[in-house]
Amino acid sequence: MSEFSLIEAHDLAVRYPDGELALYNVNFRISGPTFMAIIGPNGSGKSTLLKTALGMLKPVRGTMRVLGYDTVTEKKYIRREIRYVPQRDRIQLTVPMKVKDIVLMGRLLKKRPPRFASSKDKDLARQALRKVNMDELWNRPFMELSGGQRQRVLVARALASEGSILMLDEPLAGTDAESQSLIVEVLGEYHRENEVSVVMVTHDLNPIHTFVRNVLLLKNTLIGVGTPCDMMDLELLVKVYGPSAKVVEYAGHRYCVTHDVGVDRHD
Amino acid sequence: MIDTIDALLEILSAPFVQRAILGAFLVAIVASTSGTFLVFRGLSFMTSGVAHAALGGAALGLFLQHSGILPWFDPILGALLFSVLVALITGYAGEKGIAEKMEVAVGVSFALSMSIAVLLMYYIPPTQVPQIWGYLIGDILLLNDLDLLLLAETAAILLFLTVLFNKEFVYVSVDMDGATAHGLNTRAYHYLMLITSALAIAFATKAVGAILVYAIMVAPAAASNELIHSVRGVLFSVFVIALLSEMLGLLASFTIQASPSAIAGIIAALSYVIALQIRHFRDRTTDTEIPDSHEIEDLFTIMENGGSEGVHHH
Ligand SMILES: Nc1ncnc2c1ncn2[C@@H]1O[C@H](COP(=O)(O)OP(=O)(O)OP(=O)(O)O)[C@@H](O)[C@H]1O
Ligand SMILES: [Mg+2]
Numbered sequence: 035m036s037e038f039s040l041i042e043a044h045d046l047a048v049r050y051p052d053g054e055l056a057l058y059n060v061n062f063r064i065s066g067p068t069f070m071a072i073i074g075p076n077g078s079g080k081s082t083l084l085k086t087a088l089g090m091l092k093p094v095r096g097t098m099r100v101l102g103y104d105t106v107t108e109k110k111y112i113r114r115e116i117r118y119v120p121q122r123d124r125i126q127l128t129v130p131m132k133v134k135d136i137v138l139m140g141r142l143l144k145k146r147p148p149r150f151a152s153s154k155d156k157d158l159a160r161q162a163l164r165k166v167n168m169d170e171l172w173n174r175p176f177m178e179l180s181g182g183q184r185q186r187v188l189v190a191r192a193l194a195s196e197g198s199i200l201m202l203d204e205p206l207a208g209t210d211a212e213s214q215s216l217i218v219e220v221l222g223e224y225h226r227e228n229e230v231s232v233v234m235v236t237h238d239l240n241p242i243h244t245f246v247r248n249v250l251l252l253k254n255t256l257i258g259v260g261t262p263c264d265m266m267d268l269e270l271l272v273k274v275y276g277p278s279a280k281v282v283e284y285a286g287h288r289y290c291v292t293h294d295v296g297v298d299r300h301d
Numbered sequence: 271m272i273d274t275i276d277a278l279l280e281i282l283s284a285p286f287v288q289r290a291i292l293g294a295f296l297v298a299i300v301a302s303t304s305g306t307f308l309v310f311r312g313l314s315f316m317t318s319g320v321a322h323a324a325l326g327g328a329a330l331g332l333f334l335q336h337s338g339i340l341p342w343f344d345p346i347l348g349a350l351l352f353s354v355l356v357a358l359i360t361g362y363a364g365e366k367g368i369a370e371k372m373e374v375a376v377g378v379s380f381a382l383s384m385s386i387a388v389l390l391m392y393y394i395p396p397t398q399v400p401q402i403w404g405y406l407i408g409d410i411l412l413l414n415d416l417d418l419l420l421l422a423e424t425a426a427i428l429l430f431l432t433v434l435f436n437k438e439f440v441y442v443s444v445d446m447d448g449a450t451a452h453g454l455n456t457r458a459y460h461y462l463m464l465i466t467s468a469l470a471i472a473f474a475t476k477a478v479g480a481i482l483v484y485a486i487m488v489a490p491a492a493a494s495n496e497l498i499h500s501v502r503g504v505l506f507s508v509f510v511i512a513l514l515s516e517m518l519g520l521l522a523s524f525t526i527q528a529s530p531s532a533i534a535g536i537i538a539a540l541s542y543v544i545a546l547q548i549r550h551f552r553d554r555t556t557d558t559e560i561p562d563s564h565e566i567e568d569l570f571t572i573m574e575n576g577g578s579e580g581v582h583h584h
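For the record, the sequence lines run as chains A and B. The opening residue of the first sequence carries number 35 in my numbering; numbering runs sequentially from there. The opening residue of the second sequence carries number 271 in my numbering; numbering runs sequentially from there.
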């Protein structure tokens, strides 16, 4: 397994059209393949960082590179390697999609029109659904699933697709503890077995801290970068989440208590 | 019985009736290929926005013709220009994939083009004003060959685009960000869909009138979307409902004195109401697998014993 530069940012600043400076002064370099997490409170720029990495937002200052490709001028090479799961509520429910249609989307988007699903595509889609225990819902309307089930199906969409980087924006939001550990374990296993990198945004480091190798802690700028243990540092957490943040140790593991409710804000 | 069949055959042999039937068929194709995707996109309001914009554009065309500024400017050019303008404004507002923003843009361009139409009416010779309104109240029984030809071309282009790009249009509607990130040129498909829909609405409105277009573009798609769980199924069902409503409208117009568009509109709207009823009824009858009382007792025993195995959370 040879190391390469997965994501790097140099003096990165991103501003939304209405003037909000969502990210500034961000510098880091993460080598891949890795399993990394981006954490921080609501509005700290986590989704913004992912969207910038995908070339969907342009930096107002500095640069960002994914796999060595510039996110502005070479985004088409980046997008070939990406499997992206947006925050769940970005999925529109006005279209009659079945579970299989959503999962196949991950494969068909990497093909050329007319994007017919081959039997291999269907096999891989089924396998991906099996990994998240959703294969029985193959023919169910996506709209009729619960929030946590939808989240699993979206993870399956990423697993079924192709590309060396999985980027997931809050795949654990609105899921119960069982779904959380299932999703995290599936992603961890997939990362190990396939040498793909997983980049996930999350509110809560606790369910993933045994799987994750690199953590970025954001609050509109980079507050910390390192291993999960490095991040479970009281001083850092207080800086980001305020004085109520705590670190507790239990059965040999450290847990952070951030009082971060994980409720998402969307515009 | 024989008499009615004879009467029917006689009606069917009239050229204007044959044109009306062909027109109904073509409009059903437009509804299925364009109306469906607009409803998926949450843009059912765009039909009336574009039709009214076409009206404003036609007024502008007549004004330019009669004031001598651009004597060659046909009103239909104005209508098409304004329709595309609505599509572009709407598209620009919705580049990030947010349907609400697009609805607002449709509303604004709707108001703008109606204002332009009313403003220009004062400067157009009064004898020409009815021609502007003609853009809203076309009649399927008065189709001429040019109308049919334009409608046929529109339907053919839409059919072709739908066969080729239905997945892209769906993906842009379902998950714009995800599709972009996986490498799809979402912006191109986003504008392609809106512009072709706008042109189709403008041509269809010119041919059969706005009342029929509103009714046929939105209600059958909305009805099908309530009941059918696959994109292909909805496309097909929209075509069937639209064609059926139009045929019943035509039939009614021969037996009782009534506008075929009005009858077709009422039937199409009813299909939506019925679909809602069926949906409601279905929701109440399915999903009611209530466990037997002894199953619930089993559940309690498991919980009391503290065992969490066997209790699965869904
Ligand atoms: N489309 C937008 N237009 C304007 N400002 C935005 C937009 N999206 C996000 N912002 C602003 O940019 C900042 C960072 O937002 P971002 O969505 O990246 O946060 P986040 O860390 O993902 O938050 P959350 O945990 O709520 O998902 C916030 O202050 C937010 O208000
Ligand atoms: Mg976010």
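Simulated from the structure, these hints should not be mistaken for lab results. Please read these numbers as outputs of a predicted model, since none were measured by experiment. Built from N, CA and C at the ideal position, the CB exists for glycine as well. There could be a bad hint or two in this list.
[Unchecked claim] Okay, the calculated bits of chain A under chain B, using three or more residues with CB under 8 Å as the criterion:
hint, region
1, 64-75
2, 154-167
[Claimed, not checked] Partial list, computed: chain B residues near chain A (C-beta under 7 Å):
hint, residue
3, F315
4, K437
5, V444
6, D445
7, A451
8, A458
9, L497
10, S500
11, T525
12, Q527
13, A528
14, L546
[Said to hold, decoys possible] What follows is a list of derived Cβ distance ranges for each label pair:
hint, chain 1, residue 1, chain 2, residue 2, range
15, A, E170, B, V374, 25 to 33 Å
16, B, V543, A, G208, 46 to 54 Å
17, A, K145, B, V543, 34 to 42 Å
18, A, R114, B, L521, 51 to 59 Å
19, A, G102, B, V543, 54 to 62 Å
20, B, A284, A, S153, 34 to 42 Å
Outcome of the hint check:
{"no.": "1", "hint": "64-75", "in the structure": "violated (count 0)"}
{"no.": "2", "hint": "154-167", "in the structure": "violated (count 0)"}
{"no.": "3", "hint": "F315", "in the structure": "13 Å, violated"}
{"no.": "4", "hint": "K437", "in the structure": "5 Å, holds"}
{"no.": "5", "hint": "V444", "in the structure": "5 Å, holds"}
{"no.": "6", "hint": "D445", "in the structure": "5 Å, holds"}
{"no.": "7", "hint": "A451", "in the structure": "3 Å, holds"}
{"no.": "8", "hint": "A458", "in the structure": "12 Å, violated"}
{"no.": "9", "hint": "L497", "in the structure": "9 Å, violated"}
{"no.": "10", "hint": "S500", "in the structure": "6 Å, holds"}
{"no.": "11", "hint": "T525", "in the structure": "36 Å, violated"}
{"no.": "12", "hint": "Q527", "in the structure": "39 Å, violated"}
{"no.": "13", "hint": "A528", "in the structure": "34 Å, violated"}
{"no.": "14", "hint": "L546", "in the structure": "15 Å, violated"}
{"no.": "15", "hint": "E170(A) to V374(B): 25 to 33 Å", "in the structure": "41 Å, violated"}
{"no.": "16", "hint": "V543(B) to G208(A): 46 to 54 Å", "in the structure": "34 Å, violated"}
{"no.": "17", "hint": "K145(A) to V543(B): 34 to 42 Å", "in the structure": "40 Å, holds"}
{"no.": "18", "hint": "R114(A) to L521(B): 51 to 59 Å", "in the structure": "55 Å, holds"}
{"no.": "19", "hint": "G102(A) to V543(B): 54 to 62 Å", "in the structure": "58 Å, holds"}
{"no.": "20", "hint": "A284(B) to S153(A): 34 to 42 Å", "in the structure": "52 Å, violated"}
Going down the numbered hints, you'll see the structure goes against 1, 2, 3, 8, 9, 11, 12, 13, 14, 15, 16, 20, while the others check out.
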